[in-house]
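Numbering-wise, the sequence shown is residues 4 to 817 according to the numbering used here.
Don't read these hints as lab results, they were simulated from the structure. Just so you know, even glycine gets a beta-carbon here, dropped at the ideal spot from N, CA and C. There could be a bad hint or two in this list.
[What the hints assert, rightly or not] Here are the computed lysine-lysine pairs in the BS3-like style, where the Cα-Cα straight-line distance is at most 30 Å:
| no. | residue 1 | residue 2 |
| --- | --- | --- |
| 1 | Lys31 | Lys444 |
| 2 | Lys206 | Lys33 |
| 3 | Lys265 | Lys33 |
| 4 | Lys206 | Lys507 |
| 5 | Lys444 | Lys507 |
| 6 | Lys509 | Lys444 |
| 7 | Lys706 | Lys206 |
| 8 | Lys745 | Lys33 |
| 9 | Lys65 | Lys444 |
| 10 | Lys65 | Lys677 |
| 11 | Lys65 | Lys33 |
| 12 | Lys606 | Lys31 |
| 13 | Lys773 | Lys65 |
| 14 | Lys606 | Lys507 |
| 15 | Lys606 | Lys33 |
| 16 | Lys773 | Lys677 |
| 17 | Lys739 | Lys206 |
| 18 | Lys745 | Lys206 |
| 19 | Lys444 | Lys504 |
| 20 | Lys65 | Lys265 |
[Unchecked claim] Pairwise CB distance ranges, derived in the manner of DEER restraints:
| no. | residue 1 | residue 2 | range |
| --- | --- | --- | --- |
| 21 | Ile257 | Phe294 | 32 to 40 Å |
| 22 | Leu376 | Gly77 | 23 to 31 Å |
| 23 | Tyr395 | Thr249 | 34 to 42 Å |
| 24 | Ile587 | Gly783 | 37 to 45 Å |
| 25 | Gly783 | Val541 | 49 to 57 Å |
| 26 | Phe756 | Tyr611 | 27 to 35 Å |
| 27 | Val483 | Gln593 | 24 to 32 Å |
| 28 | Ile631 | Tyr538 | 51 to 59 Å |
| 29 | Leu327 | Asn691 | 35 to 43 Å |
| 30 | Phe294 | Asn691 | 30 to 38 Å |
| 31 | Ser572 | Tyr290 | 27 to 35 Å |
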Amino acid sequence: MIKSPPILLLSLLMILSVDTLSQEIRLKGKVMDGKRETPLEFANIALLQPGDSTIIYGGMTKLDGTFEFNASSGEYILRAGFIGYVEYFENISLGNKNSVNFGTITLEEDAQNLDEVVVEGVTSMFESDIDKRTYNVENSIVAEGQTASQLLGTLPSIQVDEEGGISMRGSGNILIYINGRPSNLSGDDTESILAQFPANSIKSVELITNPSSRYDATGVGGIINIILKKNEKTGFNGQVNASIGTREKYQAGINLNYGTEKANFYASYNWQDRRRFEIGERDRFNYLDGFSPRLEQVQDGYEVEQTHLIRAGVDYNVSDRAMLGVYFQGNFDDEVEYENISQRNLSQFGSLDSSSVRINEEWSNSGNYEGGLNYTWNIDSLGQRLYTSLSYSYDNRSQTVFTDQEYLDADGNSDPTKRLTQTNDRPRTSNLYVAQLDYEKPFGNGASIETGLKATLGNWQWSQEFAQGDEFTDFNPVVVDSLSDTFDFDERVYAAYFTYKNTKGKFGYQLGLRGEYTETLGETVRNNESIPNNYFNVFPSAFLSYAIADENELTLNYTRRISRPSIWSLAPIYRVRDQYNFSIGNPYLQPEFTDSYEIGYMKGWKNYLLNATVYHRYSTDVATRITILTDDNIAIQSRENADTRSSTGFELINQIQISNNLDATLTGNLFYSKINAENIEEDFSNENFSWTLNLLANWLIPKWFNIQVQGNYRGPIVLPQGQIEPQYSVNVGVRKDVFNGKATISANVSDIFNTRNFRITTNNPRFDEKRVFQRETRIGTLAFTYRFGGFKEKNGNNNSRREGGDDFGGGDDF
Numbered sequence: 004m005i006k007s008p009p010i011l012l013l014s015l016l017m018i019l020s021v022d023t024l025s026q027e028i029r030l031k032g033k034v035m036d037g038k039r040e041t042p043l044e045f046a047n048i049a050l051l052q053p054g055d056s057t058i059i060y061g062g063m064t065k066l067d068g069t070f071e072f073n074a075s076s077g078e079y080i081l082r083a084g085f086i087g088y089v090e091y092f093e094n095i096s097l098g099n100k101n102s103v104n105f106g107t108i109t110l111e112e113d114a115q116n117l118d119e120v121v122v123e124g125v126t127s128m129f130e131s132d133i134d135k136r137t138y139n140v141e142n143s144i145v146a147e148g149q150t151a152s153q154l155l156g157t158l159p160s161i162q163v164d165e166e167g168g169i170s171m172r173g174s175g176n177i178l179i180y181i182n183g184r185p186s187n188l189s190g191d192d193t194e195s196i197l198a199q200f201p202a203n204s205i206k207s208v209e210l211i212t213n214p215s216s217r218y219d220a221t222g223v224g225g226i227i228n229i230i231l232k233k234n235e236k237t238g239f240n241g242q243v244n245a246s247i248g249t250r251e252k253y254q255a256g257i258n259l260n261y262g263t264e265k266a267n268f269y270a271s272y273n274w275q276d277r278r279r280f281e282i283g284e285r286d287r288f289n290y291l292d293g294f295s296p297r298l299e300q301v302q303d304g305y306e307v308e309q310t311h312l313i314r315a316g317v318d319y320n321v322s323d324r325a326m327l328g329v330y331f332q333g334n335f336d337d338e339v340e341y342e343n344i345s346q347r348n349l350s351q352f353g354s355l356d357s358s359s360v361r362i363n364e365e366w367s368n369s370g371n372y373e374g375g376l377n378y379t380w381n382i383d384s385l386g387q388r389l390y391t392s393l394s395y396s397y398d399n400r401s402q403t404v405f406t407d408q409e410y411l412d413a414d415g416n417s418d419p420t421k422r423l424t425q426t427n428d429r430p431r432t433s434n435l436y437v438a439q440l441d442y443e444k445p446f447g448n449g450a451s452i453e454t455g456l457k458a459t460l461g462n463w464q465w466s467q468e469f470a471q472g473d474e475f476t477d478f479n480p481v482v483v484d485s486l487s488d489t490f491d492f493d494e495r496v497y498a499a500y501f502t503y504k505n506t507k508g509k510f511g512y513q514l515g516l517r518g519e520y521t522e523t524l525g526e527t528v529r530n531n532e533s534i535p536n537n538y539f540n541v542f543p544s545a546f547l548s549y550a551i552a553d554e555n556e557l558t559l560n561y562t563r564r565i566s567r568p569s570i571w572s573l574a575p576i577y578r579v580r581d582q583y584n585f586s587i588g589n590p591y592l593q594p595e596f597t598d599s600y601e602i603g604y605m606k607g608w609k610n611y612l613l614n615a616t617v618y619h620r621y622s623t624d625v626a627t628r629i630t631i632l633t634d635d636n637i638a639i640q641s642r643e644n645a646d647t648r649s650s651t652g653f654e655l656i657n658q659i660q661i662s663n664n665l666d667a668t669l670t671g672n673l674f675y676s677k678i679n680a681e682n683i684e685e686d687f688s689n690e691n692f693s694w695t696l697n698l699l700a701n702w703l704i705p706k707w708f709n710i711q712v713q714g715n716y717r718g719p720i721v722l723p724q725g726q727i728e729p730q731y732s733v734n735v736g737v738r739k740d741v742f743n744g745k746a747t748i749s750a751n752v753s754d755i756f757n758t759r760n761f762r763i764t765t766n767n768p769r770f771d772e773k774r775v776f777q778r779e780t781r782i783g784t785l786a787f788t789y790r791f792g793g794f795k796e797k798n799g800n801n802n803s804r805r806e807g808g809d810d811f812g813g814g815d816d817f
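Please construct the entire structure, taking both the sequences and the accompanying hints into account.
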């Protein structure tokens with residue numbers, strides 16, 4: 004444990020609110036639905052030149068329907084609009100006033116276009132901002148009844164491997180946030196975390212490919228922020244949902260809300276009970292003397308998992324300008340896994356030398372508790388704001404594995420003297436504290452600053468007690484000291500950032516700087532070893548934009564990022580998969596640093612949106628997967644720091660509104676990757692071209708149902724010792740509204756061709772190996788959702804700083 008916290012390197016900036024002299028006039032107002040008398044969030048606001056309707060200013064309303072912006076004196080046309088509503092126009096003359104309040108602007112539904120409003124087209128599924136893309140996955144039919152991990156696998160630019168590892172644009176080291184906060188849930192990998200969240204609990208997913216300085220510097224491949232559903236509406240309302248999938252997969256949930264003028268109370272519960280099979284094969288050729296040259300392994304197993312997700316909270320309006328939020332979340336998981344591994348050792352002529360059958364049974368359960376509060380103070384009507392938040396989460400996991408292995412000779416006869424029994428107890432706990440303070444101030448000339456402090460304090464403790472029994476112990480397991488240990492890991496990150504944003508005519512820019520001081524300490528019990536690692540780093544960012552015309556923009560940005568090794572990569576405890584395959588962490592692993600560059604171009608037409616990006620990433624001290632074969636014919640997988648990795652690519656997003664009832668989004672990514680690991684071993688370098696394709700299509704058959712088709716292809720991924728082979732899959736779903744739109748019935752089939760498998764090729768002077776692994780992916784699901792009390796979902800971030808450590812609710816708009 005770290006014995007004493009350091010003095011915080013950067014203190015809170017004392018910021019004076021000084022009104023700048025300006026001749027510009029402040030315009031403000033509010034846009035409402037004329038029929039329902041509810042605010043219209045994200046309505047379009049534009050200030051037009053009377054002569055040729057040239058856009059002088061363009062923006063959107065906030066979540067409460069309000070808008071504010073500055074304009075110079077002159078004659079203009081004010082336009083307010085929203086999809087499915089009749090546009091509002093007003094001729095205005097701005098004189099010498101300091102401000103103009105338009106009051107409430109009401110928009111009426113356009114009866115002629117009313118049928119088009121319900122089309123779940125590209126505008127409702129995908130939104131693009133200067134520094135992120137948002138997928139409104141509540142409209143994802145193909146993900147109904149699935150987990151968060153399976154949902155992510157259907158989105159463009161994202162790939163999920165068989166171990167739940169996430170990559171974006173072909174790069175790993177992705178930072179996963181839940182409602183803008185780092186996750187602290189149980190699990191050896193991301194799959195275990197995300198599997199505990201049903202897809203039905205998720206409102207939207209934000210992909211931040213090149214985060215600015217105000218975001219945590221962690222995650223060289225970018226940030227994926229998962230926004231959970233939370234309703235906000237006056238009175239009592241809610242939603243219930245349930246689904247059933249093939250081979251015993253069940254899910255059910257309820258979201259409740261009660262809103263008053265002063266407070267909004269919300270609560271939700273989601274339950275999953277899922278069974279899923281898995282199969283795998285491994286074929287290894289070794290070049291060692293004294294061992295059978297070929298090892299064949301065939302794996303067959305299944306898992307049964309039950310999860311409970313509970314969320315509750317309240318947002319209370321302390322005053323007209325201040326809001327206090329309090330929330331609690333509990334996530335509980337029980338899992339049983341069964342695995343049968345048949346192993347055959349073959350001679351160079353293909354004859355059987357020996358074989359064994361290994362049976363693993365695993366029981367695990369975990370509980371994660373998280374609570375926090377946040378306070379937002381809108382200091383004035385000009386946008387000056389202070390936000391602070393504090394959260395704590397505790398995680399506890401127990402895991403026990405029992406193994407019974409039978410040995411067979413070349414004739415297939417059992418040899419009881421070589422039977423093995425093993426037990427493996429792996430308890431794990433963690434604590435995570437996150438505290439943050441942010442301040443924003445706009446100026447009258449269109450500029451704004453943002454600054455803040457953040458502290459993230461975490462402790463993880465992993466233990467393992469491995470025992471083995473043989474004929475000498477009457478097959479009663481005895482603790483093996485070399486495979487038993489406890490690893491205690493502390494990581495504390497203290498950060499401060501400052502950003503400045505402004506526009507000059509058609510040019511916009513944001514400059515930022517973030518400083519992070521990190522101190523870590525890893526301690527082993529068996530060897531009584533302490534491994535400290537303290538460092539300070541600065542992370543600049545720069546975003547530039549040029550508005551060529553309306554919906555026609557060119558962007559350029561640069562950021563520097565860091566990837567700190569997790570306890571999964573650090574813990575020096577051998578994890579025994581079988582007697583031929585081990586894995587172990589590397590406690591001396593260093594952080595990885597990446598410089599990212601992007602040039603983007605976006606152009607919109609009436610029925611088509613083009614978003615093109617050229618990017619380059621250059622990383623040093625790359626944490627990469629390395630496998631070695633010992634003289635005892637045991638493959639040990641670990642992590643090492645490779646010298647460099649570079650990735651250059653081109654991503655093209657095409658959104659096409661083919662007709663009023665049919666749209667498609669086609670995303671392609673072509674990239675070249677090169678990794679240099681000569682510092683680890685000679686010839687540990689590799690390079691290749693790869694690509695990904697993703698298609699998402701929505702088709703509405705009026706008065707019948709919606710059809711959604713999603714398909715993706717991922718090309719090879721380069722590794723120092725080989726590559727991960729290509730894979731592809733296709734998903735399809737249908738949805739129909741019933742009971743006058745209050746309920747929805749949907750059905751889908753994932754991976755309809757059963758092609759989504761994980762294949763990896765590893766090459767080494769001592770061995771060559773091919774491995775294939777597949778979890779059950781072809782799953783049929785039938786789901787039902789019912790809404791009552793006028794339930795309307797909003798994302799988990801009620802304003803741009805609600806419920807999150809970082810501003811995931813708003814973008815770096817220019």
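Hint check:
| no. | hint | verdict |
| --- | --- | --- |
| 1 | Lys31 <-> Lys444 | 17 Å, holds |
| 2 | Lys206 <-> Lys33 | 25 Å, holds |
| 3 | Lys265 <-> Lys33 | 20 Å, holds |
| 4 | Lys206 <-> Lys507 | 36 Å, violated |
| 5 | Lys444 <-> Lys507 | 18 Å, holds |
| 6 | Lys509 <-> Lys444 | 22 Å, holds |
| 7 | Lys706 <-> Lys206 | 25 Å, holds |
| 8 | Lys745 <-> Lys33 | 28 Å, holds |
| 9 | Lys65 <-> Lys444 | 17 Å, holds |
| 10 | Lys65 <-> Lys677 | 44 Å, violated |
| 11 | Lys65 <-> Lys33 | 9 Å, holds |
| 12 | Lys606 <-> Lys31 | 29 Å, holds |
| 13 | Lys773 <-> Lys65 | 53 Å, violated |
| 14 | Lys606 <-> Lys507 | 21 Å, holds |
| 15 | Lys606 <-> Lys33 | 29 Å, holds |
| 16 | Lys773 <-> Lys677 | 21 Å, holds |
| 17 | Lys739 <-> Lys206 | 19 Å, holds |
| 18 | Lys745 <-> Lys206 | 18 Å, holds |
| 19 | Lys444 <-> Lys504 | 10 Å, holds |
| 20 | Lys65 <-> Lys265 | 19 Å, holds |
| 21 | Ile257 <-> Phe294: 32 to 40 Å | 57 Å, violated |
| 22 | Leu376 <-> Gly77: 23 to 31 Å | 46 Å, violated |
| 23 | Tyr395 <-> Thr249: 34 to 42 Å | 40 Å, holds |
| 24 | Ile587 <-> Gly783: 37 to 45 Å | 40 Å, holds |
| 25 | Gly783 <-> Val541: 49 to 57 Å | 52 Å, holds |
| 26 | Phe756 <-> Tyr611: 27 to 35 Å | 30 Å, holds |
| 27 | Val483 <-> Gln593: 24 to 32 Å | 30 Å, holds |
| 28 | Ile631 <-> Tyr538: 51 to 59 Å | 28 Å, violated |
| 29 | Leu327 <-> Asn691: 35 to 43 Å | 53 Å, violated |
| 30 | Phe294 <-> Asn691: 30 to 38 Å | 32 Å, holds |
| 31 | Ser572 <-> Tyr290: 27 to 35 Å | 29 Å, holds |
Consistency with the previously given hints fails for numbers 4, 10, 13, 21, 22, 28, 29, ordered from lowest to highest.
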